[in-house]
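Trainee: Sequence:
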Amino acid sequence: MGMEQNGGGRKGNKEKRRQKKLSPVQRLYETCKEVFADCSPGIVPSPQNVEKLTAVLDQMTPADVGLIPNMQLFDSDRAPIITYLHLHECDRFSIGIFCLPPRSVIPLHNHPGMTVFSKLLFGKMHYKSYDWLDMNIDAANANDLQSHSNGLRLAKLQVDSQFTAPCETSILYPAHGGNMHILTAKTACAVLDVLGPPYCDPEGRHCQYYHEFPLNNFPAEGCRVVPEEEEDEYAWLMEREKPDDLYVVGVSYNGPKIAKN
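Letter by letter, the sequence shown follows residues 1 to 261 in the UniProt record's numbering.
Since the hints were made in silico from the structure, they are not lab data. Mixed in with the good hints there might be a few duds.
Below 30 Å or equal to it, Euclidean Cα-Cα: the simulated DSSO-like pairs (lysine-lysine) are [what the hints assert, rightly or not]:
no.	residue 1	residue 2
1	K260	K186
2	K124	K257
3	K260	K21
4	K21	K257
5	K186	K156
Here are the in silico distance ranges between beta carbons for each label pair [stated by the list, open to error]:
no.	residue 1	residue 2	range
6	H211	N261	39 to 45 Å
7	E51	E203	34 to 40 Å
8	I68	E34	28 to 34 Å
9	G255	E231	42 to 48 Å
10	S23	F218	50 to 56 Å
Nothing here was measured: the structure is a model prediction, and the numbers come from that model. Glycine included, each C-beta is placed from N, C-alpha and C at the ideal position.
Please build the complete structure, drawing on both the sequences and the hints.
Mentor: Set out below in structure tokens:
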């Protein structure tokens with residue numbers, strides 16, 4: 001028994017030394033492989049795994065992925081062009097970085113069946129997010145709210161705040177945490193995103209965009225389930241095509257490399 005314990009200790013120490021030698025971006029990749037190994041659409045990683053991945057992302061810096069704020073990608077003259085740096089994608093998860101010049105906007109969109117971890121590496125960003133209204137609060141009116149003729153659906157505001165790096169990683173889940181969000185760059189910003197699983201049109205994980213309308217634009221429907229004093233916490237969302245003024249350009253990632261195995 002004593003020999004087995006010593007052997008286990010040696011293995012544990014060896015693993016710790018290996019982890020210390022990994023670059024931050026390699027550690028991120030290895031952690032994602034572990035966290036999303038047994039996940040599928042709509043299946044959220046365990047709380048322990050969420051905490052593990054969040055801890056890695058919380059420590060990530062712009063230098064870890066080869067970025068600095070004064071790079072041409074973030075030049076204010078490029079707005080509204082947004083650049084996406086692709087680090088990795090498989091059927092389980094994807095890792096990428098959105099580079100946003102000042103005043104650029106990623107419009108309101110969803111993440112169907114996904115758990116999303118977002119780390120603001122640098123900059124100041126306004127973040128607004130919604131979840132669909134939980135129809136269990138008023139089952140008698142659920143059909144009315146989901147199917148009236150103008151195609152609107154009621155959503156509850158989750159976050160409407162400004163964040164400045166360094167800040168903690170934000171997490172959204174398939175059905176809560178602000179699955180639909182809009183990002184507005186107040187300064188040059190870089191956002192490191194981990195999606196599990198990634199978007200996939202053939203599997204039904206299509207990026208859907210939305211218009212948002214104040215609740216009082218359609219008061220007859222909204223008042224059925226929302227108390228008057230809480231109306232500012234809700235909005236009507238309506239599906240839309242991808243906005244014509246959204247410009248996202250894919251560019252090769254040239255930061256520290258990931259050894260994929």
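Trainee: The structure should be examined with respect to each hint, and the outcome stated for every one.
Mentor: Results for each hint:
1. K260 - K186: violated (35 Å)
2. K124 - K257: holds (27 Å)
3. K260 - K21: OK: K260 and K21 at ~16 Å, within 30 Å.
4. K21 - K257: Since the Cα atoms of K21 and K257 sit roughly 14 Å apart, the hinted pair holds (cutoff 30 Å).
5. K186 - K156: holds (24 Å)
6. H211 - N261: 39 to 45 Å: For N261 against H211, whose Cβ atoms are near 44 Å apart, the range 39 to 45 Å holds.
7. E51 - E203: 34 to 40 Å: At 27 Å between Cβs, range violated.
8. I68 - E34: 28 to 34 Å: Because 30 Å falls inside the window, the suggested range holds.
9. G255 - E231: 42 to 48 Å: Once the Cβ atoms are compared, 45 Å apart, the range 42 to 48 Å for E231 and G255 holds.
10. S23 - F218: 50 to 56 Å: holds (51 Å)
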